[in-house]
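**Student:** Chains as they are written, first to last, in the numbering used here: chain A, 1 to 267; chain B, 1 to 149; chain C, 1 to 260.
To be clear, the hints were calculated from the coordinates, so they are not data collected in a lab.
Keep in mind that the hints are not guaranteed to be accurate.
Taking beta-carbon pairs under 10 Å as the criterion, some of the chain C residues facing chain A (in silico) [said to hold, decoys possible]: (1) ALA124; (2) THR125; (3) ALA129; (4) GLU132; (5) MET133; (6) MET134; (7) GLY135; (8) ASP137.
Just so it is clear, CB atoms sit at the ideal spot from N, CA and C, and this is done for glycine as well.
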Amino acid sequence: MDPSPHIVLEDVVFARNGRTIFDGVSLSIPRGRISAIMGPSGTGKTTLLKMIGGQLKPSSGRVLVDGEEVPKLGRKALYRLRETMGMLFQSGALFTDLSVFENVAFPLRVHTRLPDDMIRDIVLMKLEAVGLRGARDLMPAELSGGMTRRVALARSIALDPALIMYDEPFAGQDPIAMGVLVKLIRDLNRTMGLTSVLVSHDVPESFSICHHAFIIADGRVIGEGTPDELRQHGSEQVQQFLQGQPDGPVPFHYPAPDRVTDWGDVQ
Amino acid sequence: MTTRTTEILVGLFMVAGCAALLFLALQVSGLAPGARTDTYTVYARFNDAGGLSARGRVSMAGVTVGHIREVVLDPETFQAKATLEIDASVKNIPSDSSAIIRTSGLLGEQYIDISVGIEEDPMKDGDVFYSTQSALNLERVISNFASGR
Amino acid sequence: MTDALARLGRYGLTLLSTWGRAGLFLSGALWGAPGQNGGFRLLVKQLYAIGVLSLAIVVVSGLFIGMVLGLQGYTILSDYGSEEAIGQMIALTLVRELGPVVTALLFAGRAGSALTAEIGLMKATEQLASLEMMGVDPLRRVAAPRLWAGFIAMPVLAMIFSAVGIWGGMLVGVDWLGVYAGSFWSSMQSSVAFLDDVVNGLIKSLVFGVVCSWIAVFQGYDCVPTSAGISAATTRTVVYSSLAVLGLDFVLTAVMFGGF
Numbered sequence: 001m002d003p004s005p006h007i008v009l010e011d012v013v014f015a016r017n018g019r020t021i022f023d024g025v026s027l028s029i030p031r032g033r034i035s036a037i038m039g040p041s042g043t044g045k046t047t048l049l050k051m052i053g054g055q056l057k058p059s060s061g062r063v064l065v066d067g068e069e070v071p072k073l074g075r076k077a078l079y080r081l082r083e084t085m086g087m088l089f090q091s092g093a094l095f096t097d098l099s100v101f102e103n104v105a106f107p108l109r110v111h112t113r114l115p116d117d118m119i120r121d122i123v124l125m126k127l128e129a130v131g132l133r134g135a136r137d138l139m140p141a142e143l144s145g146g147m148t149r150r151v152a153l154a155r156s157i158a159l160d161p162a163l164i165m166y167d168e169p170f171a172g173q174d175p176i177a178m179g180v181l182v183k184l185i186r187d188l189n190r191t192m193g194l195t196s197v198l199v200s201h202d203v204p205e206s207f208s209i210c211h212h213a214f215i216i217a218d219g220r221v222i223g224e225g226t227p228d229e230l231r232q233h234g235s236e237q238v239q240q241f242l243q244g245q246p247d248g249p250v251p252f253h254y255p256a257p258d259r260v261t262d263w264g265d266v267q
Numbered sequence: 001m002t003t004r005t006t007e008i009l010v011g012l013f014m015v016a017g018c019a020a021l022l023f024l025a026l027q028v029s030g031l032a033p034g035a036r037t038d039t040y041t042v043y044a045r046f047n048d049a050g051g052l053s054a055r056g057r058v059s060m061a062g063v064t065v066g067h068i069r070e071v072v073l074d075p076e077t078f079q080a081k082a083t084l085e086i087d088a089s090v091k092n093i094p095s096d097s098s099a100i101i102r103t104s105g106l107l108g109e110q111y112i113d114i115s116v117g118i119e120e121d122p123m124k125d126g127d128v129f130y131s132t133q134s135a136l137n138l139e140r141v142i143s144n145f146a147s148g149r
Numbered sequence: 001m002t003d004a005l006a007r008l009g010r011y012g013l014t015l016l017s018t019w020g021r022a023g024l025f026l027s028g029a030l031w032g033a034p035g036q037n038g039g040f041r042l043l044v045k046q047l048y049a050i051g052v053l054s055l056a057i058v059v060v061s062g063l064f065i066g067m068v069l070g071l072q073g074y075t076i077l078s079d080y081g082s083e084e085a086i087g088q089m090i091a092l093t094l095v096r097e098l099g100p101v102v103t104a105l106l107f108a109g110r111a112g113s114a115l116t117a118e119i120g121l122m123k124a125t126e127q128l129a130s131l132e133m134m135g136v137d138p139l140r141r142v143a144a145p146r147l148w149a150g151f152i153a154m155p156v157l158a159m160i161f162s163a164v165g166i167w168g169g170m171l172v173g174v175d176w177l178g179v180y181a182g183s184f185w186s187s188m189q190s191s192v193a194f195l196d197d198v199v200n201g202l203i204k205s206l207v208f209g210v211v212c213s214w215i216a217v218f219q220g221y222d223c224v225p226t227s228a229g230i231s232a233a234t235t236r237t238v239v240y241s242s243l244a245v246l247g248l249d250f251v252l253t254a255v256m257f258g259g260f
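Same shape as in the complex, but just chain A (with noise of 0.2 Å):
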C-alpha cells in the first residue's frame, strides 16, 4: 500500500466571525486505512471536514489531498478532486424530491455518461452493500435516520471514491442503526482499501473501528495515536475527554463573572 499519507494538514489556521476556531492544526491522515477525529461538540470538526472538501479556505496553512493544495485548486480542479471524496453529511443530505434509487444514482447520472440499465445496476450494487436493495422506491421522507445514513452512504461510494468521510455518522442512531453503520464502516474500508476519515465524539464506537485517532480541543490536536496508546495518554484533557468527566481541564462552567457579582454577598 501507498504509505504517502492522504490527506496533510500543516499548521491550519481558521478564523470566523472574529472567532478562532483552529489555531495551528497539523495532521497525516494514512492511506487506506480509518481514522478517527474526536474532540468536544463546537470544536469545529465539521469545518475541518469542509476545509478538506475545499468549501472553506483556510486562514493561513496548508491543506493537501494526495498531494494537491486544495485551497489553491481553481473552480475546476477542485470539483475534479472532489469526485473523488464522499462524504457522508450529519443529516444524510438527500435529495428530497428524488426516490432512494435516483438518489443513489444521481453521482453518475451527472458525472458519467453510462447506459441506464448499467446505472441500475451499480446502483442496486451499491444499495445491497448498505442492505437497502429493498427500499429503492421509497422517498426520503418514509426512512427512518438510520436508513437515510445508509442510503446517503451508499449516494457517496457511488463513484467509487478513494477518501470518504463521515460527519458525525453515530450522532442520534439507537444501538443497533449505531452497529450497522459501524460493521459498514468497517467492511467499506477493508473491501475497497478507502481511506476513511471519521468524525466523532462517540468514543467507543469510534475506538472500536479506528486504527488512529486525533483528539481536537481548543483549535489544537491535544492527542494522536492508535486507540491504544490514547488511552494510555498523559494528558488530563485527553483523559477527561475519553471517560466522560463532567469536571476537568476543560470547565463545567463556560466562563462567567464572579458569583458575588451576579448574587450579591447572600450569607
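Could you slot chains B and C onto chain A? The hints should help.
**Tutor:** Chains B and C in isolation, oriented as in the chain A frame:
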C-alpha cells in the same frame, strides 16, 4: 407526476403564452399581417388638428376605412398635415370629398370623418383633400357664444 | 454621534457586500446556463413548478381585475356618454401596467417565496453542501434552472394575465352592460399599438422576471440555514420583490411612456 406529464403541461403553458401574445397582437392592438401593402396614402391639411393623433381611425359614414399614420406640422403653411392610410378596398372616394375632425362622445378620441362629395374621379395615392374642417374647439365655441358673435 | 455614524457605515458595508454576493451569484449561475447532463429536463421541471403552478392564481386574478376595470370604467365613462372607450381603457391599463406589475407581485408571493423556502431548506439540510462535495456546482444545478425558468415564465404569465383580463373586461362591458362589441374592440385597436404598448409591457415583465427570480433564488441561497433564517428570507423575498417591482415599474414607465 411523470416527467412526460410535466413536459406536456409545460408545453401547454408555453402555447398558452404564445396564444395570449397573438391575441394581444391581433385582436387588441389590431396588428394585421400584411395590412401595410393593402392601403394607399392620402393627405389632409387642417388649421387645427386638435387632439388628432397617430393610429386614430378614419371613417366614412361611421365605418372605419383606414387610420391616421402621422400628424405633423407643415413648416410652409403652418398647417397640420395628417397622413391617412386608406384601405385599398375603398378605392372610389370622390376627389371633392372633405375630411372633418370629429370626436366620438364628449371625451372620446378624435377621428377623421370623410364627408362624401359628388365628383366622379376617385382619390388616388398621394392626393390631398380639397377641403377640410378643423377640430371643434370647445373653448372657442364657448367664447364665441359668450361674446355674442 | 460617532456611534450612529459607525452604525451607518456598518450598515452600508453589509449592504454593499450583499450586493456583491448577489452579483457574483447571478453571474456564476448564468455563466454556464443550465447545461450539464439533463439541463433541459431540469429547466422543464422548474418551468412546471414556477410557471404552470402559478397559472391558476394568475388567470383568476386577471379575470377579476379585468371585470372590475370593466365595471368601474363603465360607471365613470357612461357619465360622459363615451362608454365605448371602455375597451381602450381596459386594454391600455392591463397591457401597459397591471399585466406586468400584478403578475410580478403574484409571482413574488406564489413562486418567489416557494423558491426561497425550497432552496433555504436544501441549504439547511446540507443538500447544497452535499452537491458541492459530489463535484456538482449547486449554482448551475439548483440556481440556474430556477432563474431561467423565472425569466421565461414571467412574460408568459403576464401575457396570459393581460389576455384573460381583457376578456374579463369584455365579459362585463359587452355581455353584461351592453356596450356595443364592435366599438369595444375598435376603440381598443385604434389606441393600442403593438410595439409601443404590447412589446413594452413584455419588456417590463421580462425585467420583473429577472429581478423577482434573482431575489428569490439568492435569498434562499444566502439565508441563515435555520427555520428562523428561512422564514426571514422568505419574507424578505416577498418584500424586496414587491418594492423592486413597483420602483422599477416607475422607472420603466418613465422611460417607455414618459417621452424621455
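**Student:** All hints, please: hold or fail.
**Tutor:** Results of checking the hints against the structure:
Hint on ALA124(C) holds. Least Cβ distance to chain A is approximately 9 Å, under the 10 Å limit. For THR125(C), the interface hint holds, the least distance from its beta-carbon to any beta-carbon of chain A being 5 Å, beneath 10 Å. Because the beta carbon of ALA129(C) sits about 6 Å from the nearest beta carbon in chain A, less than 10 Å, this interface hint is met. Evaluation of the GLU132(C) hint against chain A yields a held restraint, the C-beta minimum of about 6 Å falling below 10 Å.
With 10 Å as the threshold, the beta carbon of MET133(C) comes within range of chain A, its nearest partner Cβ sitting at about 4 Å, so the hint holds. At about 5 Å, the closest approach between the beta carbon of MET134(C) and any beta carbon in chain A falls short of 10 Å, and the interface hint on this residue holds. Hint status for GLY135(C) relative to chain A: holds, with the closest Cβ pair at about 4 Å, below 10 Å. Here the hint on ASP137(C) is kept, as its CB sits about 7 Å from the closest CB of chain A, short of 10 Å.
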